[in-house]
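Here are the chains, one letter per residue:
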Amino acid sequence: MTGEQPSPILSVEGLTKDYPGVRAVDDVSFAVERCTVHCLVGENGAGKSTLVKMLTGALQPTSGTMRVDGSAYQPTNPHQAREGGIATLFQELHVVDQLSVHENLTLGMERARFGFLVESDLDRRVVETLAMIEPSIDPSARVSSLSVAQKQIVEIARSASSGASIIIMDEPTAALSEREVERLFGVIRRLRDSDVTVIYISHKLDEIFELGDAVTVLRDGKHIATKPLPEVAGRSELIEMMIGRSVFQDYVPRATVGDEAVLSATGLNNHLLKDVSFHINRGEIVGFYGLVGAGKTEIARALFGADQCSGEIRFKGRKIGGSPKQAIASGIALVPEERRTQGLFTTLTIRENISVMNLRRLSDAGIFRSADERSAAVDYVRKLSIATDSIEKHTEKLSGGNQQKVVFAKCLFADADLLLLDEPTRGVDVGAKTEIYEIIRNLANKGTSVAVFSSELEEVLGICDRIFLLFSGALEAEIANGPDVDMAHILNVVTGGGGSVAP
Amino acid sequence: MTAYPVKAEGVLGSDHRMGDETFIASLVACVAVGLFLIASVFVPNFFQPLTMLNLVTNNWAVISLGVGVTFLLVSGNFDLSVGGVVALSGVLAVWFAQSADGNNALSTGLGFPYWLAIVCALGGALAVGALNALFVVRFSVPSIIVTLGTMMLARGIAQVITQGSQRNTNLPPEFGILGNLTMFGTSVRLPVVLMVVLLLVAIFIEKKTVFGRLTYWIGANPVTARLSGIDRAKHLTYLYLLSAGIAGAVGILLASEFRSGYSNRGTLMEFDALVTALLGGVAIAGGFGSVIGMFFGALILAVVTTAATGMILSPDWQFILKAVAVFLAIVTQTWALARRNR
Numbered sequence: 030m031t032g033e034q035p036s037p038i039l040s041v042e043g044l045t046k047d048y049p050g051v052r053a054v055d056d057v058s059f060a061v062e063r064c065t066v067h068c069l070v071g072e073n074g075a076g077k078s079t080l081v082k083m084l085t086g087a088l089q090p091t092s093g094t095m096r097v098d099g100s101a102y103q104p105t106n107p108h109q110a111r112e113g114g115i116a117t118l119f120q121e122l123h124v125v126d127q128l129s130v131h132e133n134l135t136l137g138m139e140r141a142r143f144g145f146l147v148e149s150d151l152d153r154r155v156v157e158t159l160a161m162i163e164p165s166i167d168p169s170a171r172v173s174s175l176s177v178a179q180k181q182i183v184e185i186a187r188s189a190s191s192g193a194s195i196i197i198m199d200e201p202t203a204a205l206s207e208r209e210v211e212r213l214f215g216v217i218r219r220l221r222d223s224d225v226t227v228i229y230i231s232h233k234l235d236e237i238f239e240l241g242d243a244v245t246v247l248r249d250g251k252h253i254a255t256k257p258l259p260e261v262a263g264r265s266e267l268i269e270m271m272i273g274r275s276v277f278q279d280y281v282p283r284a285t286v287g288d289e290a291v292l293s294a295t296g297l298n299n300h301l302l303k304d305v306s307f308h309i310n311r312g313e314i315v316g317f318y319g320l321v322g323a324g325k326t327e328i329a330r331a332l333f334g335a336d337q338c339s340g341e342i343r344f345k346g347r348k349i350g351g352s353p354k355q356a357i358a359s360g361i362a363l364v365p366e367e368r369r370t371q372g373l374f375t376t377l378t379i380r381e382n383i384s385v386m387n388l389r390r391l392s393d394a395g396i397f398r399s400a401d402e403r404s405a406a407v408d409y410v411r412k413l414s415i416a417t418d419s420i421e422k423h424t425e426k427l428s429g430g431n432q433q434k435v436v437f438a439k440c441l442f443a444d445a446d447l448l449l450l451d452e453p454t455r456g457v458d459v460g461a462k463t464e465i466y467e468i469i470r471n472l473a474n475k476g477t478s479v480a481v482f483s484s485e486l487e488e489v490l491g492i493c494d495r496i497f498l499l500f501s502g503a504l505e506a507e508i509a510n511g512p513d514v515d516m517a518h519i520l521n522v523v524t525g526g527g528g529s530v531a532p
Numbered sequence: 049m050t051a052y053p054v055k056a057e058g059v060l061g062s063d064h065r066m067g068d069e070t071f072i073a074s075l076v077a078c079v080a081v082g083l084f085l086i087a088s089v090f091v092p093n094f095f096q097p098l099t100m101l102n103l104v105t106n107n108w109a110v111i112s113l114g115v116g117v118t119f120l121l122v123s124g125n126f127d128l129s130v131g132g133v134v135a136l137s138g139v140l141a142v143w144f145a146q147s148a149d150g151n152n153a154l155s156t157g158l159g160f161p162y163w164l165a166i167v168c169a170l171g172g173a174l175a176v177g178a179l180n181a182l183f184v185v186r187f188s189v190p191s192i193i194v195t196l197g198t199m200m201l202a203r204g205i206a207q208v209i210t211q212g213s214q215r216n217t218n219l220p221p222e223f224g225i226l227g228n229l230t231m232f233g234t235s236v237r238l239p240v241v242l243m244v245v246l247l248l249v250a251i252f253i254e255k256k257t258v259f260g261r262l263t264y265w266i267g268a269n270p271v272t273a274r275l276s277g278i279d280r281a282k283h284l285t286y287l288y289l290l291s292a293g294i295a296g297a298v299g300i301l302l303a304s305e306f307r308s309g310y311s312n313r314g315t316l317m318e319f320d321a322l323v324t325a326l327l328g329g330v331a332i333a334g335g336f337g338s339v340i341g342m343f344f345g346a347l348i349l350a351v352v353t354t355a356a357t358g359m360i361l362s363p364d365w366q367f368i369l370k371a372v373a374v375f376l377a378i379v380t381q382t383w384a385l386a387r388r389n390r
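Top to bottom, those sequences are chains A and B.
Here the first sequence stands for residues 30 to 532, where the numbers follow my numbering.
Here the second sequence stands for residues 49 to 390, where the numbers follow my numbering.
Hint data in this document are derived by calculation from the structure and do not stem from the laboratory.
What you are looking at is a predicted structure, and each value in this text was computed from that prediction instead of being measured.
One should not assume that every hint holds.
[As the list claims (entries may be wrong)] Partial chain A-side listing against chain B, Cβ under 7 Å, derived: (1) P353; (2) K354; (3) I357; (4) S359; (5) P365; (6) L377; (7) M386; (8) S392; (9) I396; (10) V410; (11) S414.
[Stated by the list, open to error] Okay, derived cross-link-like pairs now, SDA-like style, lysine to any residue, Cα gap no bigger than 25 Å in a straight line: (12) A/K354 with B/A281; (13) B/K256 with A/T94; (14) B/K282 with A/Q371.
Glycine included, each C-beta is placed from N, C-alpha and C at the ideal position.
Generate the whole structure from the sequences, applying the supplied hints.
This is the structure:
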């Protein structure tokens, strides 16, 4: 850097994005200095992904301006963003497995004469870029033979050689092993040294301290701070900026929690889970809290028998975990993570959805009792106040909140003694959220055990009696919920700070 | 088995609008009747009770096959093997029943008693169904590929057994009874009566039983079905066995009717059954459709082809007419359903 103040490569002024009823990004202004690794942190729902979508042209801001290298920048689609010099590395990779590394690098930029491909300087440039950032990758290798980390590097090389001056990386290490992370960091540092600015988004705070030059913290859509990282006093200051004092709590300790274990899991292991053991009591609401990829869904699916894993799961004394059918028969129901693709029959009616998990209650010798099915549907539509004018409405026409209530109705109709709820309020409006929490509390008060798998801290702190904290497949800590629960401790554990608070 | 307590349903349960399936089935029925009336205007001597009866009786085989194909389509799966199974089971029945002392290879069979020959031929058909189920369910191969393979396999075995020709000698006298037996003193033969019984049973299964409902759930969303405790593997196995069993029975009855085993019998029947189901409003993606719709779909096809041969057009035009009918019917259905659910 020269002595005079260099102009920032990217500056954002008063950027705002409104969705119906929500302001996802609220008057955010900050600047990213040239040739730095600039980190973006915040909890789920803080507005990071909305901000990135505006930078890449996938969304248009409601108001505010963006400038790249001093000139106005208003992309209306990802292609224009590329032309403006901003490339993005998404979590899902966009490489073609069947082609070679070289072919992937030049994809879409081929030169042709009379329909035949011809060599160009472009070829040389991409190969040079790749050799500069990661010499170990052979340009003639087939991409399908590369590891996930190597594929990422190929994609980064493609962005860099196409002349991008800013590369946005959204959680690039989520699927990488520790050694691969080190290699990726090496690549990022070399990029920075060769005049590329990296905007790095991660939940893993250690990575940010290791790699970042500056950090911007977002919370509830607002810009909290932008600081050079050397000026940040450790994890605790960062965590404090991320949560602020705004996390409200409405947890009331419940009297009806039993002390008799209804489910116990010992030594669960699979591709992600590492020796997970716990138990759940009768009438208890337990929470499993962790970031995306920490293993919440994997635990829920293992308990339900939807995925196989080693270890032992006992429910009411009997071994389970074979299949969803077995789980339902022994009294477990699952509200899955993706309601439209896993929880509902969207082309069928509310009535036809509610009955599926408890056919014995609706049939004699294999013959359906339609009248009973109708009464059951009406009953549950009333109980859960599902907003519809008829039980014959197709579930695809309901709002997200009402769809989720239908999935709940389905599980409640199964008369389960243990409910597994995977992200029970994702994509659900505030009103329906409150109603769903009320349903969960009422169930638990009647003796049903509930396990909530959530990446929203507020949700877990609001309803759970006991909380398990997960980080990359391991159960790191268990805490009892209460008025003086240590939020900083929780965030520290789930971001990889281990069981005890690091300085 | 406690009954669910019946409560006052009020306005929520009082939706008397018919379901989409009933709507489409009615639409298809109206089209079938309409086409019949139009044909009656143009074709001399078309508007007669005998013509109406013939429309059904001449198509008993395809309508019967359509039942199994419809159930599988509703579950989200194809069965293209039914035509091949018709050929295979017919040839097997003949081969098993031919006496063992013929004077050349094609007139020499295994000499089983007739009842045993039928049971074994049916077993051969079910084996093809089991093979379909095995590949679709255990090895997760797309059903269209699996049943395309078994379609050729079944017909291929039939061809080997008949050496590319026919087997029609040295059969016991009772072999020709089943396919030609007339019923109730009319010209209606046993296979047609069996088809009617099959249709009624299938409609009952579809509308009133857990088995029928499981088929819709699996077709509507296999992932949700699994997470709701439905054993998809078991159910699809039953459906493939059912479809192959029906095709086997059709093959045996046709062999009996003609007193011969012929490896080209039932050629293109798998596509007629598929077209019939699609004309009847069964969704190719699964989760939607009905046996009644399929039945009226078969009638549409029958009216179109019968009327054509009675009109100026030569029978050579029947494929083109079928094509036009299929396009029109499917476009109409898509349009009507979209309009209704707007």
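Going through the hints against the structure:
1. P353: holds (5 Å)
2. K354: OK, holds: A/K354 within 7 Å of chain B, min 4 Å.
3. I357: Holds. Min distance 4 Å.
4. S359: violated (11 Å)
5. P365: Constraint on A/P365 satisfied, holds at 6 Å.
6. L377: With a minimum Cβ separation of about 5 Å from chain B (threshold 7 Å), the hint on A/L377 holds.
7. M386: holds (5 Å)
8. S392: holds (5 Å)
9. I396: Result: holds, 5 Å to nearest chain B Cβ.
10. V410: Hint holds; A/V410 Cβ to chain B Cβ min 6 Å, cut 7 Å.
11. S414: violated (11 Å)
12. A/K354 with B/A281: holds (12 Å)
13. B/K256 with A/T94: violated (62 Å)
14. B/K282 with A/Q371: holds (20 Å)
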